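Listed below, chain by chain, are the residues.
Protein chains: 2
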Amino acid sequence: MKPQYLQTLKQIALMGGIHDFVALSSAGLGRTMSISQQSASKRILELLDMGLVSRDLGTRAQRLNLTKEGVEALTREYADYKKIFELKDRLTISGTVATGLGEGQYYVQQNEYKVQFEEKLWFEPYEGTLNIKVGTSEVFKLNILEDSDGILIKGFESKGRTFGDVKCFPAKMRNVECAVIMPVRSHHTDVLEVISKHHLRSTLDVEDGNIVELTVFL
Amino acid sequence: MKPQYLQTLKQIALMGGIHDFVALSSAGLGRTMSISQQSASKRILELLDMGLVSRDLGTRAQRLNLTKEGVEALTREYADYKKIFELKDRLTISGTVATGLGEGQYYVQQNEYKVQFEEKLWFEPYEGTLNIKVGTSEVFKLNILEDSDGILIKGFESKGRTFGDVKCFPAKMRNVECAVIMPVRSHHTDVLEVISKHHLRSTLDVEDGNIVELTVFL
DNA sequence: ATTACTACAAAACGAGTAT
DNA sequence: TATACTCGTTTTGTAGTAA
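Residue numbers (my numbering), protein chains in the order written: chain D, 555 to 772; chain F, 555 to 772.
Hints were generated in silico from the structure; no laboratory data involved.
Restraint-style ranges between C-beta atoms, simulated for each label pair:
| id | chain 1 | residue 1 | chain 2 | residue 2 | range |
| --- | --- | --- | --- | --- | --- |
| 1 | D | Thr629 | F | Arg728 | 28 to 34 Å |
| 2 | F | Ile765 | D | Arg585 | 23 to 29 Å |
| 3 | D | Glu678 | F | Ile765 | 55 to 61 Å |
| 4 | D | Gln592 | F | Arg715 | 51 to 57 Å |
| 5 | F | Gly689 | D | Glu672 | 55 to 61 Å |
| 6 | F | Arg617 | D | Val730 | 30 to 36 Å |
| 7 | D | Val745 | F | Ile765 | 55 to 61 Å |
| 8 | F | Glu761 | D | Arg644 | 46 to 52 Å |
| 9 | F | Leu599 | D | Glu678 | 52 to 58 Å |
| 10 | F | Thr769 | D | Glu626 | 25 to 31 Å |
| 11 | D | Glu640 | F | Ile765 | 32 to 38 Å |
| 12 | D | Ser595 | F | Val730 | 42 to 48 Å |
| 13 | F | Gln591 | D | Ser712 | 50 to 56 Å |
| 14 | F | Ser608 | D | Glu626 | 30 to 36 Å |
Everything numeric in this text was worked out from a predicted model, so none of it was measured. Think of the CB as a built atom: it goes at the ideal place given N, C-alpha and C, for glycine as much as any other residue.
Please build the complete structure, drawing on both the sequences and the hints.
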């Protein structure tokens, strides 16, 4: 759909054409879009041709009304905008369940981390992580997470080993509360580590290779 | 703002450019919008020129990010769509308080109407109506009301006179519950009659000529 | 008043290609 | 690989004007 048609359709809808027939001269429509009467007239004809608007053409004035198809076209556009602006504080990432190296699990078991999880995430994590491998088309969302602050879990030293700062983001998988954890010093992978107070594999009934969807809150 | 710029801006936002810099080749951007690499490249240059996106142009790949102005432009567009789809079940009409012919008042006082108001609107109307004269630019909204069904108040005969069917719509003025009433056989005026269980003129502290805003629910 | 045709002008597009 | 220039083609826009 060419953007100028969408613009015209939107304008007709704004003038009331989404409800009902609305008196709208080609000159008037042109004025609101800063185009000439002739161009507006042409666009109306094209929209009629595409079946996106219907018209009641009297001798004195025409009245325009969006058709079902016209409303659907605008609805799709509206959905895009909703996606954009809801993505501003929420991120939906899909990927496949994978078996990690057990690294995350080792970290989560450290008591100094666990205490902070409980305090800052309001739940005590089950001793283990679920790894989600993100498809290439969505890896850019991981970059967004890496660049966002999240909830800071401070690092510490224990038995001569250094445990670095970790950040986490509240998240949900099929309405089960969980959280994404990642090192603050980003390690650029395509794998997300998820913790929860539940054993996610059994609670969600998933195993390696299953596709899951995760909503992360920024 | 030309619609093709908005389309491009929207696409960049959808690919993640509203959060952060996102790797996006001109060929890839073109593919998602069904335009050539050359045209996509040109549009990017134009958006840069207008200050709507910023770019980090590496040797291998460019990364794009919406600027504050770019986000604002999209926000305005989003607001239009919200208006369209919220207008679908709600109508905000502004006008000036006017003194009517007393016709509405006479009607509302008829007991047969009053009984139905109480039953169908959940309130007993104060014995009087507030008239609102709607500006020419908003008269089209009255047509929407005339063409909508609303809540039917049945007509009757009394003392040899016929009182026709009336319809009403729940409404609010500054959070005060009220209702718009109009004859089913439309009489095409630019005046709305509003009833409420309160005396609106004193409750809202308005008098003739004051501008008021009314939200009508369809 | 309208809408919309024709004829021309302006803008956008894209193939080829430089960088 | 990229991005982006030139330039011929296509699309879009509009002044004049008919209906």
